[in-house]
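Here's the letter readout for the chains.
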Amino acid sequence: MTATQDSPKGKLKKTFFKSDQEVRWCPGCGDYGILNAVQSTFAELGLERENIVIVSGIGCSSRFPYYMETYGFHSIHGRAPAVATGVKLSRPELEVWVITGDGDALSIGGNHLIHTLRRNVGLKIILFNNRIYGLTKGQFSPTSEIGKVTKSSPYGSVDMPFNPLSLALGVGATFVARTIDVMGKHMREVLKAAHEHEGTAFIEVFQDCNIFNHGAFDPIVKKEVRDDRLVDLRPNQPLVFGQDHDKGLIWDCNQLRVVKLGEADETGKVWKEEDLVVFDPSNPNPSLAFALSHLREVDEPTPIGVLRSIKQASYEKMVHGQIQGIQDKKGERSLEDLIYAGKTWEVK
Amino acid sequence: MTATQDSPKGKLKKTFFKSDQEVRWCPGCGDYGILNAVQSTFAELGLERENIVIVSGIGCSSRFPYYMETYGFHSIHGRAPAVATGVKLSRPELEVWVITGDGDALSIGGNHLIHTLRRNVGLKIILFNNRIYGLTKGQFSPTSEIGKVTKSSPYGSVDMPFNPLSLALGVGATFVARTIDVMGKHMREVLKAAHEHEGTAFIEVFQDCNIFNHGAFDPIVKKEVRDDRLVDLRPNQPLVFGQDHDKGLIWDCNQLRVVKLGEADETGKVWKEEDLVVFDPSNPNPSLAFALSHLREVDEPTPIGVLRSIKQASYEKMVHGQIQGIQDKKGERSLEDLIYAGKTWEVK
Amino acid sequence: MTTVTPDGSPTGKVEILEEAVIRFAGDSGDGMQLTGNQFSDSAALFGNDLATFPDFPAEIRAPIGTLAGVSAFQVRISSNDIHTPGHLLDVLVAMNPAALKVHLPDLKHGGILLVNTGNFGKRDWEKAGYTSNPLEDETIVEPYHLVQVDLNHLTKETLKDTNLDNKAIMRCKNFAALGILLWMFNRDLEPTIRAIKERFGKKAPEIADANVAVLVAGRNYAETVELLDHTFQVDQAELEPGIYRNIMGNQATGLGLLAASKLTGVQLFLGSYPITPASDILHQLSSYKQDGVITFQAEDEIAAICSTVGAAYAGMLAVTTTSGPGVALKTEALGLGVMAELPFVVVNVQRGGPSTGLPTKTEQADLYQAIWGRNGECPLPVLAAASPVDCFYMAIEAFRIATKYMTPVLLLTDGYLANGSEPWKLPKIEDLPKFEVHFETNPEGFQPYKRDPETLARPWVRPGTKGMQHRIGGLEKEDGSGNVSYDSENHFHMVKTRQAKVMGIAKDIPAPELHGDSEGDLLVLGWGSTYGSIYGAVDKARKEGFKVSQLHLRHVFPLPEGVDKILAGFKRILVPEMNMGQLTNYMKTQISADYISYPKVTGKPFYNDEVLRKIREVLA
Amino acid sequence: MTTVTPDGSPTGKVEILEEAVIRFAGDSGDGMQLTGNQFSDSAALFGNDLATFPDFPAEIRAPIGTLAGVSAFQVRISSNDIHTPGHLLDVLVAMNPAALKVHLPDLKHGGILLVNTGNFGKRDWEKAGYTSNPLEDETIVEPYHLVQVDLNHLTKETLKDTNLDNKAIMRCKNFAALGILLWMFNRDLEPTIRAIKERFGKKAPEIADANVAVLVAGRNYAETVELLDHTFQVDQAELEPGIYRNIMGNQATGLGLLAASKLTGVQLFLGSYPITPASDILHQLSSYKQDGVITFQAEDEIAAICSTVGAAYAGMLAVTTTSGPGVALKTEALGLGVMAELPFVVVNVQRGGPSTGLPTKTEQADLYQAIWGRNGECPLPVLAAASPVDCFYMAIEAFRIATKYMTPVLLLTDGYLANGSEPWKLPKIEDLPKFEVHFETNPEGFQPYKRDPETLARPWVRPGTKGMQHRIGGLEKEDGSGNVSYDSENHFHMVKTRQAKVMGIAKDIPAPELHGDSEGDLLVLGWGSTYGSIYGAVDKARKEGFKVSQLHLRHVFPLPEGVDKILAGFKRILVPEMNMGQLTNYMKTQISADYISYPKVTGKPFYNDEVLRKIREVLA
Ligand SMILES: Cc1ncc(C[n+]2csc(CCOP(=O)(O)OP(=O)(O)O)c2C)c(N)n1
Ligand SMILES: Cc1ncc(C[n+]2csc(CCOP(=O)(O)OP(=O)(O)O)c2C)c(N)n1
Ligand code: SF4
Ligand code: SF4
Ligand SMILES: [Mg+2]
Ligand SMILES: [Mg+2]
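Protein chains in written order, with our numbering: chain A, 1 to 348; chain B, 1 to 348; chain C, 1 to 620; chain D, 1 to 620.
Just so you know, these hints were derived from the structure itself, not from any lab.
Any given hint could be a false lead.
With a straight-line Cα cutoff of 30 Å, these simulated BS3-like cross-link-like pairs (lysine-lysine) come out [to be verified]: (1) B:348 / D:197; (2) C:496 / D:101; (3) C:101 / B:137; (4) A:343 / C:496; (5) D:127 / A:14; (6) B:330 / D:203; (7) A:13 / D:101; (8) A:343 / C:202; (9) D:507 / C:588; (10) C:588 / D:571; (11) B:330 / A:148; (12) C:203 / B:222.
With these hints in hand, go ahead and build the complete structure from the sequences.
This is the structure:
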């Protein structure tokens, strides 16, 4: 608990959102970076601490609310979106953020996640994807790759993983994004976009578990390779990437394909920027976003940034709008009206 | 129970798969047509009754196993894919079919469904989609359209529905198809393709609930409109549809678009069959299948048939393959080996 | 004792009855529920006491004319104060052979059996599994007073000049039966005619007219042919003066939940997932939008309760409604509610179990689950409504306890209460239980687990309140600060505190009223929906001279203070319940006494007679 | 009594102890579990009886040097037959100030306190919340025999000529402590050196060499400086002759499950979802692929048990493993298992509750849930293992009962058993319980619910068996045919039959052995992991002359036949349990007697002394 303190709008520091609880993740854990980015973003946005509710499930990541000087609810494994839906439906005026892990959100909590997304409840969901169960000390998760050796798969996992972005797009998410624990600035931008979105914002963060799955994302996020292995999505820009901005994506044979810019390919064709696919996250049709989410991690660039952000009324708006409309038409009833209703008769 | 009876292979009648239980769906229910098609297909395939296990959840549709002279398990609401996974992993040699409804599979059972699909467990899942909860007498389901008035939404539902095919594609399903209760022949073909598939086959069937949601699919499946409102997918064929085969689908501005064949459009372009998208369900990249699943029901044709059918080892094959491999290398241990292992010492 | 019937119509002899039990039975499509309700309404308006109970078929509509498709509605009308819809029938209306087969066993010997012969063709009785026409089989119908009417023909004749098609015409035939029954009991047709017009008048005036015509035709036919040589009369009951309304248990529950919201001014939130026999509460609250009720049909029971937990945290009167299998799924989150000490209500409308069991039948077998069905030391108050009307008051009581003690509360009702109805003497609004809800807003010295010294409740803070940000969750927490704590002694302290808080409610709930003397040979102890069955039986037994009393629990856990003293006044305690002895075992853990368990697990409620017989047996 | 130590090394005085309790405590990264295990192994090889118990910190690795990051391992070595890892410590090894702070309260006055001064810098003791160096604070260390060694320095010096980097070098320091302890107890280094080489030899021979060097250096240093003026000796225990192995409870459970499979020849299937403290069973069975074990890490606990139900239906020995919150999620499917009468096992490794509670601490508070935690009348057998080794036998017993009676079985263990270890005298294979599993294959007269007249079990049919197709499910079914039935009397019959089947198991399970006389003033009744704590206490109390005996339940529901007779031999029954009195209440429902509940809910097991004190108090 901290005493009342006015929010010095516009010049908040991230410490304004720090609670008095000692942060207890392992040294080197990627969770620290995300905590940092969230605190900074809230500060930059000048949010009021008392108007924020952070709901989490169970997992290392789900300890998050303890470290935030906001309202917080560390609920049970996999159920954070359902708890948060109750909060948001009850109090649409509050900012409700959900913190969850790849096990919490996609394994036990898969059902609540997909229903939250289809309903477009106004929650901002940050999925800390470390491709492992951290808290229970290292079993494979629904995002662990095939062949992964863990405590519960000593001979290698045989479970095909989910692609969280494809999953979200498939169930009708209205805002889908991805960012990376070590890319603070990028993350803050994504978080801000999520904040602005009406309805559910789903953000996958690649997060390093220093203890049980260290370096899982190195092949694509290490500084040296990052530019060639990631494609950072910019609204209404052609899909260019590469350290030298020398590669791009075209639509070919019903799918996306990587081409080198300014060089002739085997057919002799020289690709230019204007041949590339131009990407618009606000397109109501999710076909291209889906194709992007499906780029193969091994040999194609991994998309980061906002894949989808469309306008659609949030669930709480629909719910309250309906109530308001009916109230406006019919008016509230007194308890007496309600009880003394239907067929009544008098005994004298 | 019926007495032993040899399966007269090759000349089976569908009655061979009829159990002695009286069928108890409402008169006019679409479920009858599906029961019929399944029995016929099993007969055509010459399956052995004792090698089939049908697992269902709870719902009108889930009464299905009682009517089949096979092994059957009417389990609990939403859990059929999980129960069936246990059966299939234990006994890969059995045919395991799952019968489920839109509430059973997509509401309470959503999590098991998506995990079954991503793992590619060798189950054949038939989802009876009547866009309503039938058994509990008419509440809206996760496939009911916005605005639907039901017992639990007297002022109209405000929940955005799932698109079951997009959902399946988003979570990595290897076989995805759709058919219609009143199109027996089409359904039997789809069922056969599902039977042949390795891994999970997911089949959505548009099913009329005569009592609580009668005519829900009429705008697209009624005989008069059907040809113009449905596009029946044929492998490696251009996407043509329409009573007069006069319409087709092209890829335009990052999504599919309907064009009229042989006529000039506003830009003056005359579209021909060779301009159309050619569809191949065996393409490992699901981008186009996803785009198809997203055609708008109101003004674009609804795809039926097989949207996706790719080769990928089934989960049970992976599991048993791994066990076999390790057994081949290390051999089984006797109980003695196992108990008298680790650091032992003797007390004399 | 003679009375003139309201419309002064009786032509022949009139037999005065204290009460009558009537059952309407037919195919699901025959409109038996509507007919039964109309008959009940007319009895209520007339001034009888009454109780009703529908008997639905299994969930899916079975093929027409089959045994599985039979739907029935029972009503008991009385000139006395009654509490159950009765057992053996005075009148059975059987619209087809299947209805006859299913329900005849319940008809009293000598009772009136009214059949619609229009549906007794060969195919009809074959479908019901008869090998010959049962109406022609003396061994079947001989014990009864058989009255045969071709209602199909009567209906068709009556409506032959209308524009209705045959299907629509045949749908009216239940009103012919109703007309006959109203004649039989000397009832005025007027209220029924008015009701028909209200129901169909606006949307389908031609249907309303047809139904009225058939109703009148049925009455006239019976009168003309003197269908019985005398008619019956059940006089007005001496009910307390007041405004009355007939109400079903589920309806009362829904209304009670909303009443709690109106009384406190705190908005109502329902998170629910449909399940028989609880769904109607969801339906009802969904129609309360004009009163600001938020209803959320969740993807499953887990999401339903979790959204409820979230809503309670957010400062709503939050409730989730379900039945046994749903509670099973909710237990993990109930534990969270106990740990986070949040106020919300879980309504379990019990049905036949275990597993999917008998979804449309009644049972009381979820008491163990309610009291003990969670991992860890996880106590929470358990209430049980005693009658359809009591559902209203217990719903309010559940919210009172939840918000005062900051705890989840389980309210048990069951299929019998849910769908059964009885007249409700409507309370004055000012007589309704008052309770206030307090949201903590003062940051001075605030701690999320600082307890009220009397109730041991922690403060309820609405997120959004300035300066009171705090974190809660499912891990054990330090008392006071609410910080996560792995400390051994704190854990023991918290386990004891949570228990003490719940047990402390015993002081704050009314001692159950004793029906009968405070000492005797036998106390019949019940809980929940058996109230009426036991009441009637104890009444009769006392009249027979037995030293027996009744005690009925509506607050089951914790027991109200003083129950031990009441029990001590009796030599033995008979515990009838619709389970294998769950209250009996629970009582053994609380108060030692000589309990006799009397289980009945047939999917049907106890009948007065059964309990009476058992009392006689025990005291023989 | 004097003995020569194995390597004949003691130079100074040797004190013979009956037993010693030693705890190694340090930071999570300090390797305390390994050190403790190595010390235990050497004691086991030497011939002591022993019991061990680790004390992990909460799940996430806390920052180095903090209180939350302390990890400990306790071992009690004895020349007697012992059953618990003991309570107060004879020796505490504290590798840093945080370890000192957390564990010092448990050190006996006069006990040896070995500290690594290398980690007692100002920043170190500040991190542990001390305001001055505790080693210099007499009020803190005065009551103990403080032994200060700079293990960091010793280790660095020893390894200064190796190629290891500083981090790797510092990881060896626990072996210096181990060397000192082995010297202190006059133990041969040889077995430990062999173990180090086995463990590290192949992958990292330079690490193995370094560890050995530091181990020897520790021993030599202690000997050279005569760290204590005398050393200790704990003689061999008189254990029954045989081959022994040290085993932890979870390990024994996993092995028992596999043993059942090997004994019956039926393949083992595990459907599970990770949860502390049950996950290790999943890990272990996942490594049993060469034995054909199928392990399925499901998406959640519901899928875990449902896949288990499916596997049981398919003819496997099927099991699901979890802890309390997981059982909460499994209850609906458990009901299905009861209704479908399928044989499978649910293992609940209990932890501190309610809700998420104290995941790494032990508790026995899921007994209510196990016996009564389901909707409807849903009885199933509940077993509880009494010791780490007993987990092996109870796992086999669970499958025996499940398959013989066609019922789900709940096996309760807990965190204390799961991670605690004791020596196991390995059984001869031919002495293991025999049981056969029968699959019905004869279609003649087959009915899916035709019952064995003795056990009331229905037949188990593997799908794929010709001519025996049938349908089962969660709706109530007709006895015999298994067809769905809504019949009232059939339902009552089935409810009674399912109950009779489970209660009938009482005849088929061994009466619990009485420890002590069959009559007396007090019976101490326990269940599950309290066995050892009660055993030691009763032993001592009897030596003190009290008329007290012990009865321990491993079959909790139903109670074995004859328990009532045993209880009748005692005036009062004391029930110590790690909950608020769950067995006590359960017993009240079964056998009336004068029970005294003795609850402890601190996340820690009972100590012998506590129980002893309570016995004295009760009998005072
Ligand atoms: C009902 C239930 N089942 C299982 C667990 C154990 N559990 C806690 S967290 C967790 C998975 C954590 O993985 P993830 O969500 O990826 O979070 P991370 O620790 O990696 O951040 C599991 C299985 C639990 N707490 N509750
Ligand atoms: C745990 C649980 N919750 C709820 C129910 C009630 N229930 C049974 S079926 C059903 C939904 C049925 O809808 P659907 O799956 O679409 O099947 P349909 O009847 O339409 O074929 C529900 C809510 C139940 N049986 N079990
Ligand atoms: S276990 Fe992994 S995810 Fe958890 S706190 Fe440690 S580094 Fe982070
Ligand atoms: S309620 Fe609807 S889905 Fe169910 S059986 Fe009747 S028509 Fe079919
Ligand atoms: Mg993770
Ligand atoms: Mg449906």
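Hint-by-hint comparison with the structure:
no.	hint	verdict
1	B:348 / D:197	27 Å, holds
2	C:496 / D:101	27 Å, holds
3	C:101 / B:137	26 Å, holds
4	A:343 / C:496	50 Å, violated
5	D:127 / A:14	25 Å, holds
6	B:330 / D:203	21 Å, holds
7	A:13 / D:101	36 Å, violated
8	A:343 / C:202	18 Å, holds
9	D:507 / C:588	25 Å, holds
10	C:588 / D:571	19 Å, holds
11	B:330 / A:148	21 Å, holds
12	C:203 / B:222	28 Å, holds
Going through the hint list in order, the structure does not satisfy hints 4 and 7.
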